[in-house]
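S.K.: Per the UniProt record's numbering, the very first residue in the sequence shown carries number 1; after that it's consecutive.
Check before you lean on any hint, since a few could be wrong.
Claimed, not checked - In silico DSSO-like links for lysine-lysine, alpha-carbon gap of 30 Å or less:
(1) K506 <-> K171
(2) K346 <-> K506
(3) K506 <-> K479
Source of the hints: derived by calculation from the structure; they are not laboratory data.
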Amino acid sequence: MCSILGIFGLQPGDDVAALRRQAIGQSQRQRHRGPDWSGVYVDDGAILVHERLAIVDPAGGAQPIRSGDGRLVLAVNGEIYNHRELEAALRQSYAFQSGSDCEVINALYRQGVDGGGDVDAWLDRLNGIFAFALWDSERGRCLIARDPIGVCPLYWGHDGDGRLCVASEMKALADTCADVAQFPPGHYYDSDRGELVRYYTRAWRDHGSTAGVEVTAQALREAFEAAVHRQLMCDVPYGVLLSGGLDSSLVAAVAARFARRRIEEDDASEAWWPRLHSFAIGLEGSPDLAAAAVAAEALGTVHHGFTYSFEEGLDALPEVIRHIETYDVTTIRASTPMFLLARRIKAMGVKMVLSGEGSDEVFGGYLYFHKAPDAREFHDETVRKLDALHNYDCLRANKSMMAWGVEARVPFLDVDFLDTAMSMDARHKMVGSGVDGRRRIEKAVLREAFDGYLPDSILWRQKEQFSDGVGYGWIDGLKVHAEATISDRVFAAAASRFPVNPPQSKEAFLYRHIFEQLFPGPACAATVPGGKSIACSSPAAIAWDAAFADAADPSGRAVAGVHAAA
């Protein structure tokens with residue numbers, strides 16, 4: 001992954017040299033995402049700046065990528081996992097200028113333009129995580145797009161002279177664009193059309209299309225194995241995040257089966273780094289560290305379990321909030337240990353990790369899903385969770401890791417795997433949907449599909465939110481610190497001080513205060529979702545159990561009667 005910055009709509013009379021300097025300065029604020037190299041493109045209509053983290057084709061593949069004739073200029077943050085299949089299927093010849101997996105975007109765009117094809121059609125064929133800006137200098141046309149789930153961040157807005165600006169992180173635009181906002185996942189903006197267009201749509205979003213659909217354990221397992229295999233595409237040292245929970249352990253287990261062969265050469269040669277390294281973090285004595293050690297021993301990974309102190313986490317909070325660009329309580333709690341872990345991983349020379357985000361959204365793994373009354377409600381809530389994921393777990397995983405130049409990939413959110421897992425009738429995912437009618441643990445259908453891959457103590461371990469699993473003292477200590485830091489008098493004025501999404505607790509007030517210092521203004525505040533930051537406070541979940549309406553703590557332990565005693 002990398003960072004991109006683009007300015008479009010330059011006009012005659014603009015001081016292009018001054019705008020170039022400005023663009024480079026803005027891009028420097030997100031250079032942590034791409035510490036390996038910088039590239040700049042400038043013409044009379046557009047400026048593109050790219051900060052590169054070299055994962056595929058590190059010796060080449062510099063960006064912005066220009067077509068052979070110089071007409072197309074592309075800046076991408078992300079990976080296109082099926083680039084070789086797309087290149088092989090091209091109907092029109094294209095002179096590739098690099099070994100970058102992302103250059104196929106230029107080829108697909110040109111094929112579409114010359115053949116009269118629809119942008120939606122070729123964008124929907126990309127299997128990857130991406131945010132890109134493409135400039136067609138001949139047509140004076142820009143195309144901006146973001147991956148279906150929003151794994152890669154992207155922001156946009158307009159400067160004081162009305163030019164369109166885009167960037168990977170808000171910090172690059174916050175003081176330039178008064179209307180800075182998130183660019184929505186699964187959409188593109190084409191300057192020829194002048195409007196946002198949703199290109200990613202799926203029949204499985206409607207529960208009716210999934211009713212009665214069965215997905216065998218073998219089909220589910222093979223779809224996930226294929227997703228992990230695709231995402232091992234890498235020319236640099238990589239590893240896996242291993243908390244010892246079900247999701248990260250399954251990612252690690254499948255990755256371990258493919259790690260010895262080189263994916264980019266169809267498994268025909270030995271991998272450049274055949275030993276799989278795994279990484280975990282927690283407070284001393286945390287549940288995750290203990291479980292991760294068990295999983296790593298069973299899988300044979302080279303395991304690295306790191307500890308951090310509460311004080312180290314507390315000291316990091318301002319920097320964490322600066323990087324992740326949110327004041328959401330759950331996200332900050334979980335991002336802090338992940339941020340500290342990323343620094344350790346970077347110090348070991350690893351540049352890419354696989355992670356387990358997305359499984360809970362797909363399979364209803366959060367503990368409040370135990371309260372879902374029927375399959376339709378269950379399914380609709382998983383779709384809602386996937387739609388919101390770019391604001392929470394995707395944001396956390398991407399920005400916490402990329403703060404130190406480490407790329408996080410998420411196989412559970414692979415678009416082909418989603419088509420398999422989300423097409424399943426949700427009655428097979430529900431707690432209590434066993435043939436004997438007895439209650440089952442969350443995500444039982446996933447656990448059953450991977451029987452034998454992991455020790456039972458890991459395969460059947462109950463859900464722990466990451467911020468819980470690193471050690472319960474982390475969350476409890478944050479609450480105590482906030483209580484001691486924010487007085488009752490100051491907190492009483494929360495609604496007047498923060499009219500956009502006023503904080504509902506002293507801990508939330510503390511994070512909001514730090515955020516406001518870094519990102520002042522209502523537009524920045526509005527990029528963060530409003531309301532309570534507890535997963536089970538959605539309107540649907542409150543209908544399942546009215547007690548959720550008063551739950552102010554987003555910890556998984558707050559779901560009374562579901563979470564096992566620690």
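S.K.: Against this structure, judge whether each hint is valid.
M.R.: Hint check results:
1. K506 <-> K171: Distance ~25 Å between K506 and K171 Cα, so the pair holds.
2. K346 <-> K506: It is violated: about 33 Å lies between the C-alpha atoms, which goes past 30 Å.
3. K506 <-> K479: OK: K506 and K479 at ~8 Å, within 30 Å.
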